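Heads up: the sequence lines are chains A and B, in that order.
1 is the number of the first residue of the first sequence in the UniProt record's numbering; add one for each residue after it.
1 is the number of the first residue of the second sequence in the UniProt record's numbering; add one for each residue after it.
Simulated from the structure, these hints should not be mistaken for lab results.
Careful: at least some of the hints might be erroneous.
Said to hold, decoys possible - Heads up, simulated EDC-like pairs for lysine to aspartate or glutamate below, C-alpha to C-alpha not over 20 angstroms straight-line:
1. A:Lys168 - A:Glu113
2. B:Lys324 - B:Glu245
3. B:Lys93 - A:Glu78
4. B:Lys93 - A:Glu37
5. A:Lys252 - A:Glu214
6. B:Lys349 - B:Asp435
7. B:Lys322 - B:Asp410
8. B:Lys132 - B:Asp147
9. A:Lys252 - A:Asp435
10. B:Lys322 - B:Glu70
11. A:Lys93 - A:Glu214
12. B:Lys132 - B:Asp195
13. B:Lys93 - A:Glu245
14. A:Lys295 - A:Asp437
15. A:Lys57 - A:Glu245
16. A:Lys295 - A:Asp355
17. B:Lys221 - A:Asp437
18. B:Lys221 - A:Asp53
19. A:Lys132 - A:Glu121
20. A:Lys57 - A:Glu78
21. A:Lys221 - B:Glu32
22. B:Lys93 - A:Glu46
23. A:Lys93 - B:Glu78
24. B:Lys93 - A:Glu214
25. A:Lys60 - A:Glu245
26. A:Lys93 - B:Asp410
27. B:Lys221 - A:Glu32
28. A:Lys429 - A:Asp25
29. A:Lys167 - A:Asp195
30. A:Lys93 - B:Asp435
31. A:Lys221 - B:Asp53
32. A:Lys295 - A:Glu245
33. A:Lys60 - A:Asp25
34. A:Lys93 - B:Glu32
35. A:Lys93 - B:Asp347
36. A:Lys221 - B:Glu37
The model shown is predicted, which means the values in this text are computed figures rather than measured ones.
Listed here are the chains, written in short residue letters.
There are 2 protein chains.
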Amino acid sequence: MTKIALLLSAAALSFPALAAPPPEDVGYAVLEGLTTEIGPRLAATEAEARARDWAVKRLKALGFANVHIETYDMPSWERGIGTAEVIAPYPQKLVIAALGNSGSTPPGGVTAEVVGFPSIEALQAAPESAVKGKIVFVWHRMAVTQDASSYEANVPVRYATASIASKKGAVAALVRSIGTDHHRVAHTGVQAWIDGATPIAAAALSVPDADQLERMLALGKPVTLHVEVTAHMTGTHQSGNVIAEVPGRDPKAGIVLIGGHLDSWDLGTGAIDDGAGVAITTGAAKAMLEGPRPKHTIRLVWFGAEEPGGFGGKAYAAAHGKEKHILAAESDLGADRVWSFRLALADPKAPIITDLSRALAPLGIGFAAGPAFGGTDVEPTGATGVVLMDLVQDATRYFDIHHTADDTLDKIDRAQFDQNVAAWTAMLKVVTNSDADLTPAPGPAPHE
Amino acid sequence: MTKIALLLSAAALSFPALAAPPPEDVGYAVLEGLTTEIGPRLAATEAEARARDWAVKRLKALGFANVHIETYDMPSWERGIGTAEVIAPYPQKLVIAALGNSGSTPPGGVTAEVVGFPSIEALQAAPESAVKGKIVFVWHRMAVTQDASSYEANVPVRYATASIASKKGAVAALVRSIGTDHHRVAHTGVQAWIDGATPIAAAALSVPDADQLERMLALGKPVTLHVEVTAHMTGTHQSGNVIAEVPGRDPKAGIVLIGGHLDSWDLGTGAIDDGAGVAITTGAAKAMLEGPRPKHTIRLVWFGAEEPGGFGGKAYAAAHGKEKHILAAESDLGADRVWSFRLALADPKAPIITDLSRALAPLGIGFAAGPAFGGTDVEPTGATGVVLMDLVQDATRYFDIHHTADDTLDKIDRAQFDQNVAAWTAMLKVVTNSDADLTPAPGPAPHE
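Work out the full structure: start from the sequences and follow the hints.
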């Protein structure tokens, strides 16, 4: 508790109205509650539905307006079991996690020789005869970066390896985890069946296990694995977005859209991805709710089903894309400190950039040129012509944890989490009281 | 490669006899080979037998004398499956690992309410009525310490909780992992059935899962778990010690006994526990083999079955306890740097202490007063009247990894590993060429 919060608590003994907890505590309580009382929240499952109900209850209790759920249907997927074992010449178990949309092995699993490639390009260049009937393994490396650029660079390995392998006749595909840690927890994440590739088992090895398999292959003898994956699509199920508002004083002024995503992968409790994002933006929205009424309505969305392909963000844009939005932004890179912001306006000298710089500088946040990404969930709204803004977080630690069983509450650095809530609050204060023209700079969105 | 090693490599172009790799590379190659080609090596299993065969081949190839296996029979145990899931009120899976000698749940598992205790003393004090029919959970905390003292303090929680719980009628017992990390990998380790306690399922929760369950209990509603553990004893099986020697020039001078343990828990590949110990001592012994012949024979033992209760060390003492040993020491606390040494002689002013201090000071190692522990595998030899010596390693990181799936090769800090090989080599040079009287100081061994 901060010193000021303590003073307010003391004051609350005689003045109960002052007892409202500070917004960072509101945010953290959301994160702790969601990750403890719900835990993993895989898209379009009963757990995600329970999370929506929890969200509505919490957001109503916090006093937000217009709290409701908007549902949509989508194809859903189930992990089942996933095991891998070296049969010869060095018998031992390996840790894997099936990737989203992975197919399954034949019942009882598949036993085959491994063929390894240092990169997806090397796999692409390999003749069918080198791959057919084998288990493909791609062991590319991923660097630690502050700006998440290494993730961008390596996602295609996760996304496309199994399709390329399947088209060349492989019986299963393994990739080194798209991750930067050294723990026996594999990084899941979505992959797709490209150009009509036949689904096969597609899984990530934990980083130590990928290193182990790479070392075995380097010894020069054929390495045989047994892999069993029972992952499969489960048909069409319901997901949904949870919406809450801080009403603005001018209904015609348009909406400032903020949020994070409520769904998580099923392995961890979704603390950094993306319980943190919904918690940070909820804390900031609550600060705005407690303060003077803003000009613009703040619409807070806890998006559903981001992980399997941004279904919630697309459903939101389909339902609300014609409403007047003046800016959209999402928190979806953990809870480590915000170090820069991006907002590319048609008028690059617009005074609001200076206003934002002044408001954010005390938190150590500087302006960065270039178009904003916005976030998977607000990109479809951005595509309707609404400007996107980024409060860019430090991603140095993020890909140690991202999409693993290790994504749990203890990974949150409370001081950095609090800085995020403060940053979003400062941003909202400027934007929701501004008359600035927020026409976006021309040009394509950076992430297509 | 060190600068000197590079120079030697260069020299080897014209003088092949100088091409022998430096001892730290010999040691690391043992560690890499053992953890890659064998992997996990649970006591008295086929994997431990494969590891013995691998060891004999490697130790012979390195040129050691008298390389052989000495077998013994022992009771052995199998992990089977181990799962835990919160059924109500916050449904989600938890990560557990059965403890050594754990019993099993009834087929299909057991569903019961959790009763939590902050310490083993609180469990001990609880009435039977509070425990009967329930799943006991003890969530004590373990601190990070350089000298491993926190492990000593917390081991009883792992060792005895299930016995106390079983005697009060609990249906299963869970403990917070005896570990200092924050990853979803639980720490196994041995426990026992004390005073005839009936075996039940006994398991450790990973630290994040233990924190999660503690948070759930703090919310005040009854928490129901489903636990399934199929761990069981598998009868009597064979284990063994692998022995190799550096012959001394004086057969009557007695033996200097060194080594580590070859077995590991089954979850990781046993890199820090204790591939590192056998690798470090083998590297140092190889340095002695390459140098001038020592006065004393150095006997290097890769002990079997340390983890379930030091069976290899007891078998060694039973077979060899009557031979003349002048000193015994073991490396079994990972591969981080040696920071002190302990050697308690009857004559505390014996000049060999000064000799050792001089030899070890350049490596940052100082003399520490007090009796040495020696290591689980050499304690039984110490009990025959042989002095024990410790080259004390930094344990700060050790219990992040110890007894988990995360105990893999990537956890080795190569610079610190090399310092260990150098420390053991320096120690052996002094001890195996000394005429000192190594009569131990009187008093009980510190660990009984």
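Status of the hints after comparison with the structure:
Our distance criterion of 20 angstroms between C-alpha atoms is met by Lys168 of chain A and Glu113 of chain A, whose separation comes to about 15 angstroms. A hinted pair counts as satisfied when its Cα atoms are at most 20 angstroms apart, and Lys324 of chain B with Glu245 of chain B qualifies at roughly 15 angstroms. Restraint check: the Cα-Cα separation between Lys93 of chain B and Glu78 of chain A comes to about 15 angstroms, which is no more than 20 angstroms; the hinted pair holds. Under the criterion of a C-alpha separation no larger than 20 angstroms, the hint pairing Lys93 of chain B with Glu37 of chain A is consistent with the structure, at around 12 angstroms.
At roughly 60 angstroms between alpha-carbon atoms, Lys252 of chain A and Glu214 of chain A are farther apart than 20 angstroms, so this suggested pair is violated. The straight-line distance between the Cα atoms of Lys349 of chain B and Asp435 of chain B is roughly 15 angstroms, inside the 20 angstroms bound, and the hint therefore holds. Our distance criterion of 20 angstroms between C-alpha atoms is broken by Lys322 of chain B and Asp410 of chain B, whose separation comes to about 40 angstroms. Between the alpha carbons of Lys132 of chain B and Asp147 of chain B the distance comes to roughly 38 angstroms, so the proposed pair goes past 20 angstroms and is violated.
For the hint linking Lys252 of chain A to Asp435 of chain A, the alpha-carbon distance of about 12 angstroms falls within 20 angstroms, and the restraint holds. With a CA separation close to 16 angstroms, the supplied pair Lys322 of chain B and Glu70 of chain B stays within the 20 angstroms bound. With a C-alpha separation of about 15 angstroms, the suggested pair Lys93 of chain A and Glu214 of chain A falls inside the 20 angstroms cut-off, and the hint holds. Straight-line distance between C-alpha atoms of Lys132 of chain B and Asp195 of chain B comes to about 18 angstroms, which keeps the hinted pair within the 20 angstroms bound.
With a C-alpha separation of about 33 angstroms, the suggested pairing of Lys93 of chain B with Glu245 of chain A is violated against the 20 angstroms cut-off. Simply put, Lys295 of chain A and Asp437 of chain A have alpha-carbon atoms about 14 angstroms apart, close enough for the 20 angstroms limit, and the pair holds. Between Lys57 of chain A and Glu245 of chain A the CA atoms are separated by roughly 14 angstroms; this keeps the pair inside 20 angstroms, and the hint holds. Taking the CA atoms of Lys295 of chain A and Asp355 of chain A, the gap is near 16 angstroms; set against the 20 angstroms cutoff, the hint holds.
A distance of roughly 52 angstroms separates the Cα atoms of Lys221 of chain B and Asp437 of chain A; the hinted pair therefore is violated under the 20 angstroms criterion. Straight-line distance between C-alpha atoms of Lys221 of chain B and Asp53 of chain A comes to about 19 angstroms, which keeps the hinted pair within the 20 angstroms bound. The hinted pair formed by Lys132 of chain A and Glu121 of chain A meets the criterion: a straight-line CA distance of about 17 angstroms does not exceed 20 angstroms. Using a Cα cut-off of 20 angstroms, the hinted pair Lys57 of chain A and Glu78 of chain A is violated, with the two alpha carbons roughly 28 angstroms apart.
The hinted pair formed by Lys221 of chain A and Glu32 of chain B meets the criterion: a straight-line CA distance of about 17 angstroms does not exceed 20 angstroms. As the CA atoms of Lys93 of chain B and Glu46 of chain A are separated by approximately 14 angstroms, the hinted pair is consistent with the 20 angstroms bound. In summary, the hint linking Lys93 of chain A to Glu78 of chain B is supported, as the alpha carbons are separated by about 15 angstroms, within the 20 angstroms threshold. With a CA separation close to 31 angstroms, the supplied pair Lys93 of chain B and Glu214 of chain A exceeds the 20 angstroms bound.
Pair hint Lys60 of chain A plus Glu245 of chain A holds up; C-alpha atoms about 10 angstroms apart against a cutoff of 20 angstroms. The suggested pairing of Lys93 of chain A with Asp410 of chain B holds, with an alpha-carbon distance near 17 angstroms, which does not exceed 20 angstroms. For the suggested pair Lys221 of chain B and Glu32 of chain A, the alpha carbons sit about 16 angstroms apart, so the restraint of at most 20 angstroms is met. A C-alpha spacing of about 19 angstroms is found between Lys429 of chain A and Asp25 of chain A, which places the hinted pair at or below 20 angstroms, so the restraint holds.
For the given pair, Lys167 of chain A sits about 9 angstroms from Asp195 of chain A by alpha-carbon distance, which is consistent with the 20 angstroms threshold. Between Lys93 of chain A and Asp435 of chain B the alpha-carbon distance is near 49 angstroms, which puts this suggested pair outside the 20 angstroms criterion. A distance of roughly 19 angstroms separates the Cα atoms of Lys221 of chain A and Asp53 of chain B; the hinted pair therefore holds under the 20 angstroms criterion. Restraint check for Lys295 of chain A and Glu245 of chain A: satisfied, since their Cα atoms lie roughly 13 angstroms apart, inside the 20 angstroms limit.
In summary, the hint linking Lys60 of chain A to Asp25 of chain A is supported, as the alpha carbons are separated by about 17 angstroms, within the 20 angstroms threshold. Pair hint Lys93 of chain A plus Glu32 of chain B holds up; C-alpha atoms about 17 angstroms apart against a cutoff of 20 angstroms. For the suggested pair Lys93 of chain A and Asp347 of chain B, the alpha carbons sit about 51 angstroms apart, so the restraint of at most 20 angstroms is broken. Between the alpha carbons of Lys221 of chain A and Glu37 of chain B the distance comes to roughly 11 angstroms, so the proposed pair stays at or under 20 angstroms and holds.
Hints 5, 7, 8, 13, 17, 20, 24, 30, 35 from the earlier list are contradicted by this structure; the remaining hints agree with it.
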